[in-house]
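**Q** Each protein sequence line maps, in turn, to chains A and B.
Note that my numbering numbers the first sequence so that position 524 is 524, with each residue one more than the last.
For any residue, its number in my numbering is found by taking its place in the second sequence, counting from 1, and adding 754.
Treat the hints as calculated values from the structure; they're not laboratory data.
Any given hint might turn out to be false.
[As the list claims (entries may be wrong)] Chain B is faced by these chain A residues, among others (derived, beta-carbon under 7 Å):
#1 E622
#2 N663
#3 V667
#4 E675
#5 R683
[As the list claims (entries may be wrong)] What follows is a set of in silico ranges between Cβ atoms, one per label pair, in the way DEER data are often shown:
#6 R56(A) to D1009(B): 28 to 34 Å
#7 V24(A) to R894(B): 54 to 60 Å
#8 A759(B) to R283(A): 41 to 47 Å
#9 R294(A) to D1009(B): 21 to 27 Å
#10 R1015(B) to A126(A): 39 to 45 Å
#11 L834(B) to G507(A): 53 to 59 Å
#12 I629(A) to D813(B): 39 to 45 Å
Small disclaimer: the values here were computed from a predicted structure and weren't measured.
Beta carbons are placed, not taken as given, at the ideal position from N, Cα and C, and that holds for glycine.
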Amino acid sequence: MTQKTRDDQTLKWVGTRPIRPDGVEKVTGRARYGADFARPDMLWAKVLRSPHAHARIRSIDVREALALDGVKAIVTGDDLPEIASEQAFVGEEPTDYRMMSQNVLARGKVGYVGHAIAAVAATTSAVAEEALGLIEVDYEILPHVLDAVSAIAPDAPLVHDDLCDRKGEKKAPSNIANEVEMGHGDPEAAFASADFVIDRSFTTQAVHQGYIEPHACLAEAGPDGQVTIWCSSQGQFMIRGYTAKLLGLDLAQVRVVPAEIGGGFGGKTTVYLEPLAVALSQRSGRPVKMVMSREEVFRATGPASASRIRVKIGATRAGNFVAGEAWLDYEAGAFPGSSVAAGSMTIFAPYAFEHARSHGRDILVNKPKSAAYRAPGAPMAAFAVESVVDDLARQLEIDPIDLRLQNAAQEGVQSSFGPRYKRIGFVETLEAAQAHPHYDAPLKANQGRGVAAGMWFNAGLQSSAAVMVNADGSISVISGNPDIGGSRASLAMMAAEEFGIAYEKVGVRIGDTASVGYNDVTGGSRVTLATGKMVVEASRQVIAQLCERAAKVWDVDVERVQWADGKATVPDDDTIKPLGLAEIATGAGRTGGPIQASASGSVRGVGMSFAVHLCDVEVDPETGKVDVIRYTAFQDAGRAIHPSYVEGQIQGGAVQGIGWALNEAYVFDESGRLENPGFLDYRMPVASDLPMIDAVIIEVANPDHPYGVRGVGEAPIVPPIPAVANAVRAATGVRFSDLPLSPPRVLDALDPAS
Amino acid sequence: MEYAAPRSLDEAIGLLSQVGVDARPMAGGTDLLVQLRTGTRRPKLLVDLKQIPGLCGIDCGSQGFRIGAAVSGAEIGECLPLREAWPGVVEATELIGSTQIQGRASLGGNLCNASPAADSVPALIAAGAVCTVIGPGGRREVPVEEVVRGPGETTLSEAEIVVDFRLPQPQEGTGDAYQRMIPRTEMDIAIVGAGVSLRLAESGECLACRVALGAVAARPIRVDAAAEALIDRRPDAAALGELAAQASAAADPIDDKRGTRAYRSRVAGVLARRAAEMALRRAGPRRVAGSPAS
Ligand SMILES: Cc1cc2nc3c(=O)[nH]c(=O)nc-3n(C[C@H](O)[C@H](O)[C@H](O)COP(=O)(O)OP(=O)(O)OC[C@H]3O[C@@H](n4cnc5c(N)ncnc54)[C@H](O)[C@@H]3O)c2cc1C
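Put together the whole structure using the sequences plus the hints.
**A** Here it is in structure tokens:
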């Protein structure tokens, strides 16, 4: 059997658009999401949440609530084991188990309005709700901090007074939870040799991932200690690992069954409810179901960090970037762990700088703990750097795409975050944007066009997959990653391609934690890339076995057997009739038993993705309203296994970024209470707000993947904010450096109220 | 909580007066159900108004229009004579929510929910709509601008309900329009709404004008000073500028998560002017009521 990277000529499925295996279930409403599970005798649980942004909990009295008819169990922070400080890696944002445990149920202190204090399980949700009102919490209210600037002032109240560094050593008291620095060269000295230097500061607001499905789970702890959890998340193994850790259980005792997921975007890479549901089930002896309300999702689950970023770039008259330096402050929320490191890594990543440095700080404030959100940390950084690049292009009178091409990162270039680039497709993506008819389509009065670029690493991490040959010659694939963006289809297509059989003959199932090897979360745009690689690897092992079985039947040397088009053949002897998959499978009992293989690995060879977006806006000069009227997104996908799902990812990322740019923002009152915990006042774009997002796929194959895949889910949210802001700059002449570009802000800048 | 769907006005008024403050009339329920869910209202009895003949249907006659208070936005949008006569009222009604909401939302509910930002209300005030109110004390006619007292509060007394809205057949040269500002295109609450109705003489002079604003005060307001900027004048740029300035001056909005005070005041003027411009275009080429618009 030959190991090869398949090329276009031999491909039957890759690059086509078959119907996804989960499509019918989803459009007919039959697919089961997190809240769709039930067990006999099930209880409902609700969470009591802090009304204060910062307070010490003197005492919690649950006696009256426990006495209420129908209440079966209550847990508070005292009921969870103390957890030592230890780094947990959630795939996209760093966190610490001790802090995770405190976020799941407050100990001693609450850190934000909405922080969980107690959970009650009762026979109905109405009883559970009523019981919450009977819990008496005695608070000592503490002064709070709500933004990064006040949080680092010398006299700021401390969100934590017992922070430890990564080695577990206690740190000096401060709201700066972590600092990162990276880069190369000596930007400070190099700025002196630049003809132009632009130095500007930008702010962005906290925004929510806005998944349609609120967090939900059902947990059942048996009298034997076995625990089963049904829930919607970005990773059943992540839920198992964190829940077991937080409750002190063995992993082998916990089984997590993944539901379909109604959106996660990074926000479902951690636990909120599952440890509570399990603890309540252990105490009550009954299954416990929990479903967050939308308001709880907003108040208590992770938004993307608010940020303040200063960027300084120096360039020569000819347009060569000489040096770049950036200072990034990201709000972590009430627990450490913002995406500032990734922001600092991506900020200069698209460009070849001789001198580049970024300084990032993770800052504690009394707001919900931030969580990963699609290319965590990168969109805000891109807003800052791509706005400055746009200004440089204006100042230098160079076409903004030419300026980017002139400085574009490419193979061999030293990246600002460390490694040298392998083969990447940034130049090709820029060229495609420049050649597209959108780029020089005419504009009318009050309209403007913006261009911006962005990069995301994509992740490999750990993946496993199992491939089994069924007796009828069909193939079953088990993946351990929840299918968020169409990965069942992509995995089936790669398997069909490997076996040389019809796509319909491959069935892909998402296994629970007991039915497939370990997988890291569905995050980092990694599933088609990494789990796909494992499916290909397992398929090739199975094909090797199929060849051996055929060799046995024919009694020929296995070296002479080749697999092609779903059949084993002996190319050097045409008297031997090829054996099809079904024939080998049916006879497997006589040639050595069932045929199957699994593959696991820490997948290396990720391919970085670059995206370039073109955005046209029209600005109403009298109301300040910005309408996006045309939008084209270009992206190097490496290879689009299923182009529709690549386009879907590109469109979705663009829309989320546009929302972030225009109207989405958390609005807090002075006491730290979120004023817009719902989709009416947290203004995500609705379908009628936007034009069709045109997606243009560029394919510069990732040499380290059997089908050239890079991963596509995150890069498309990186360029939209600056693409919109640069378009608004073009339409109005005003450079906006603070988000969101809401009508009042825009009008005020266009025509300051007297 | 109990639910009743009476088939007559008498029965409805009877139920409402029996149960008193704990009873709540319900039309489309698009405000009420949300309030039940969030716990802002906890009525003991819901009195569904949609089975009562007097609150359903639209009558168009030579005297004008009678629109049942429980008629849905979708039905109103499909009533061609009404569209033609009062396009501003219809466009305001159609802005409420989405296709799904349009299938339920009523004018009675939009008015009696008493939100300062209700979309149909400024358009109805500008058009001079009058509603019929019936309660234990009998029947009265109330101009729309007198129904809302403040956020969530009406001037209706206990067990009184709005039965219908009346609009005249517009006189020759009449045009009306409604404009609203939201940061999105739908599923949002007006930051400012402006309704204008006016009538032009053959000479092009403005004979009559009514201006109403939403979301810029504790309740939808009629702004006579803005209307007077046009009345007895040619509606030229200067007059429209004056109308805008008066509308901005009359606005007394709050600062909140949805918009700042300064922004709302400024945009009130802009939208009042734009609504007037649209109303002028509609009034311009004289139309005979009932005939298709050209
Ligand atoms: C998703 C969504 C989007 C929305 N978008 C908009 C929008 O864009 N613009 C807008 O203005 N509104 C909007 N709304 C609010 C709501 O849809 C409107 O106010 C609608 O017109 C209410 O009508 P209803 O028949 O559903 O009222 P209901 O909910 O039935 O009643 C509302 C209130 O009025 C009372 N009431 C109803 N009928 C009568 C009557 N005949 N006499 C006395 N009292 C009565 C009820 O007791 C209740 O207090 C939206 C609501 C939702 C859920």
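**Q** Of the numbered hints stated earlier in the document, which are not met by this structure?
**A** As far as the earlier hints go, not one is violated by this structure.
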